[in-house]
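Engineer: The hints should help you fit chain Y onto chain P, whose structure is shown.
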Amino acid sequence: MAEQKTVTFIITRQDGPDSAPYEETFEVPYRTNMNVISGLMEIRKNPVNAKGEKTTPVQWDMNCLEEVCGACSMVINGTPRQSCAALVDELETPIRLAPMATFPVVRDLIVDRERMFDALKQVKAWIPIDGTHDLGPGPRMPEKKRQWAYELSKCMTCGVCLEACPNVNDKSDFIGPAAISQARLFNSHPTGDMNKSERLEGLMEDGGVSGCGNSQNCVQVCPKGIPLTTSIAAMNRATNIQAFKNFFGSDNAH
Amino acid sequence: MADQQREFFYRRLHSLLGVVPIGLFLTQHLFVNHFAVYGEESFNKAAGFMAELPFVILLEIFVIYLPILYHAVLGVYIAFTAKNNTSRFSYFRNWMFRLQRITGIITLIFIVWHVWETRVQVGLGNAEVEYSLMENILTNPFMFWFYLVGIISAVFHFANGLWSFLVSWGITQSPKSQKVATYAVVLVFLVVSYLGVRTLIQFAYGV
Chain P
1 MAEQKTVTFI ITRQDGPDSA PYEETFEVPY RTNMNVISGL MEIRKNPVNA KGEKTTPVQW
61 DMNCLEEVCG ACSMVINGTP RQSCAALVDE LETPIRLAPM ATFPVVRDLI VDRERMFDAL
121 KQVKAWIPID GTHDLGPGPR MPEKKRQWAY ELSKCMTCGV CLEACPNVND KSDFIGPAAI
181 SQARLFNSHP TGDMNKSERL EGLMEDGGVS GCGNSQNCVQ VCPKGIPLTT SIAAMNRATN
241 IQAFKNFFGS DNAH
Chain Y
1 MADQQREFFY RRLHSLLGVV PIGLFLTQHL FVNHFAVYGE ESFNKAAGFM AELPFVILLE
61 IFVIYLPILY HAVLGVYIAF TAKNNTSRFS YFRNWMFRLQ RITGIITLIF IVWHVWETRV
121 QVGLGNAEVE YSLMENILTN PFMFWFYLVG IISAVFHFAN GLWSFLVSWG ITQSPKSQKV
181 ATYAVVLVFL VVSYLGVRTL IQFAYGV
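So the sequence lines, in the order shown, correspond to chains P and Y.
Residues in the first sequence are numbered from 1 upward in steps of one, following the UniProt record's numbering.
Residues in the second sequence are numbered from 1 upward in steps of one, following the UniProt record's numbering.
Be a bit skeptical, because a hint or two may be false.
What the hints assert, rightly or not - Taking CB as the label site, the calculated pair distances span:
| # | chain 1 | residue 1 | chain 2 | residue 2 | range |
| --- | --- | --- | --- | --- | --- |
| 1 | Y | 105 | P | 56 | 41 to 47 Å |
| 2 | Y | 183 | P | 244 | 54 to 60 Å |
| 3 | P | 21 | Y | 80 | 23 to 29 Å |
| 4 | P | 148 | Y | 186 | 56 to 62 Å |
Said to hold, decoys possible - On the chain Y side, residues computed to face chain P include the following (Cβ under 7 Å):
| # | residue |
| --- | --- |
| 5 | 5 |
| 6 | 7 |
| 7 | 35 |
| 8 | 42 |
| 9 | 45 |
| 10 | 82 |
| 11 | 83 |
| 12 | 88 |
| 13 | 89 |
| 14 | 91 |
| 15 | 94 |
| 16 | 170 |
| 17 | 173 |
| 18 | 176 |
Stated by the list, open to error - Taking lysine-lysine pairs in the BS3-like style, the calculated list, with each CA pair at most 25 Å apart, reads:
| # | chain 1 | residue 1 | chain 2 | residue 2 |
| --- | --- | --- | --- | --- |
| 19 | Y | 176 | P | 144 |
| 20 | P | 145 | Y | 179 |
| 21 | P | 144 | P | 224 |
Hints listed in this document are in silico derivations from the structure and should not be mistaken for laboratory results.
Heads up, the beta-carbon is just placed ideally off N, CA and C, and yes, glycines get one too.
Next up, chain P with everything else stripped away, as it sits in the complex (with noise of 0.2 Å):
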């Protein structure tokens, strides 16, 4: 029989929020069209490494494993991408796998999300439909603008987009590119227009659109091809006019 042919992980592990990260090395046996998932399952089901001493399971955080839920990205070979849709055939050798380094590590490759979702909360990313009663059905969405909506409601808050934004990190409250589009998707539908204002006063809450600095490295990275930039460049229009009508006072400020 052919010798096992086998695929090197080389992978930055943290044991808890407060350790120190650490690299370790593993020899996976290749199968035909694996991912980095498939990978990572080889290395729970016998955690021994390259040096073959018996270690802990890599932890990492899926879903779907179809690339719509976010939940696996983590930084492959430098790129942060989601780990289902990164073919280990396609990939240079040794695979080097490291959290994304913007969010809060939790363990291993498992990051926290959480101001992403805050990010959504500011930005009032949602359409409030709920009351005391039935209110009809709402106005209706002409299909072009439904077509270029469609796009912006691929967002998975995978958070690659803040992983490569030079202006997300530690030293800064910026929300990142994803809400900003998410608050453009809700004020394009007509029923969430109604609470159009809401959503752009949250984005010029501190931290908010204002926070972007034209790197555009999101559009180049987003997995979903998201015009992110055409997103943030609309809400800047839309927020310098919600400004004007604050100040200088207007009818249509609502």
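Structural biologist: Positioned in the frame of chain P, the structure of chain Y alone reads:
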């Protein structure tokens, strides 16, 4: 304005002041100085006209000093809150982002020295606004290169800042318009740099 929206206001003001009045002043300054190329007398006449504008000290304070001071203080803060990552993400715009911060710092150092050496000395009565003042400074090769780097940094910072201004104010929204704006500001960079560098060569080498 709500308290938690101060940052938004400060950043928008920063963006606006960078173009109006600072960018306009920079262009005007290099434009008027270019009179040096037509001879000493021509420069002295033009510089003299600027120096004798009515209420010149008020113009200087409100059009030049205060806007630059504000832009510089907030700008240094912005530059040092960024975590540059061009080694991981070497895209064109990411490099422009980084260069915008580097040239901002260089420009600040240059302006402090330049104002000390010219306007402050004139104010103290140690110098006169005339051709020979700049000629004496720039015939020193070190100062020539210092001015060259300073002026090119300032013009780069203005041209690239103009591009960001167009985005920050929501004027260029589509990728296409942003691309056209890139070409336009490259042209601004080349033209305004030429004005500045040509004048430096005149002062330094008399040609």
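Engineer: Now tell me if each hint is right for this structure.
Structural biologist: Verification of the hints:
1. A beta carbon spacing of about 46 Å between residue 105 (chain Y) and residue 56 (chain P) agrees with the range 41 to 47 Å that was offered as a hint.
2. For residue 183 (chain Y) paired with residue 244 (chain P), a C-beta distance near 30 Å fails the hint of 54 to 60 Å.
3. Take residue 21 (chain P) and residue 80 (chain Y): their Cβ atoms lie about 25 Å apart, and the range 23 to 29 Å holds.
4. Distance hint check: the CB atoms of residue 148 (chain P) and residue 186 (chain Y) are about 30 Å apart, inconsistent with the given range 56 to 62 Å.
5. Hint status for residue 5 (chain Y): holds, given a least beta-carbon distance of 5 Å to chain P, under 7 Å.
6. For residue 7 (chain Y), the interface hint holds, the least distance from its beta-carbon to any beta-carbon of chain P being 4 Å, beneath 7 Å.
7. A cut of 7 Å between beta carbons decides the hint on residue 35 (chain Y): the least distance to chain P is about 36 Å, and the hint is violated.
8. Restraint check, residue 42 (chain Y) versus chain P: the minimum CB separation of about 40 Å is more than 7 Å; hint violated.
9. Hint status for residue 45 (chain Y): violated, given a least beta-carbon distance of 41 Å to chain P, over 7 Å.
10. The beta carbon of residue 82 (chain Y) comes within 5 Å of a beta carbon in chain P, closer than 7 Å, and the hint placing it at the interface holds.
11. Given hint, residue 83 (chain Y) at the interface with chain P, holds; its Cβ is 4 Å from that chain's nearest Cβ, closer than 7 Å.
12. Contact between residue 88 (chain Y) and chain P, as hinted, is supported at the beta carbon level, the nearest pair being about 6 Å apart and thus within 7 Å.
13. The interface hint given for residue 89 (chain Y) holds, since its Cβ lies 5 Å from the closest Cβ of chain P, which is under the 7 Å cut-off.
14. Taken as an interface hint, residue 91 (chain Y) checks out: its beta carbon lies about 5 Å from the nearest beta carbon of chain P, inside 7 Å.
15. A cut of 7 Å between beta carbons decides the hint on residue 94 (chain Y): the least distance to chain P is about 5 Å, and the hint holds.
16. Given hint, residue 170 (chain Y) at the interface with chain P, holds; its Cβ is 2 Å from that chain's nearest Cβ, closer than 7 Å.
17. Given hint, residue 173 (chain Y) at the interface with chain P, holds; its Cβ is 4 Å from that chain's nearest Cβ, closer than 7 Å.
18. Because the closest C-beta pair between residue 176 (chain Y) and chain P is about 10 Å apart, greater than 7 Å, the hint is violated.
19. Distance restraint check for residue 176 (chain Y) and residue 144 (chain P): the Cα-Cα separation of roughly 20 Å lies within the 25 Å cut-off, and the hinted pair is therefore satisfied.
20. In summary, the hint linking residue 145 (chain P) to residue 179 (chain Y) is supported, as the alpha carbons are separated by about 24 Å, within the 25 Å threshold.
21. Pair hint residue 144 (chain P) plus residue 224 (chain P) holds up; C-alpha atoms about 20 Å apart against a cutoff of 25 Å.
Hints 2, 4, 7, 8, 9 and 18, counting from the list given before, are not met by this structure.
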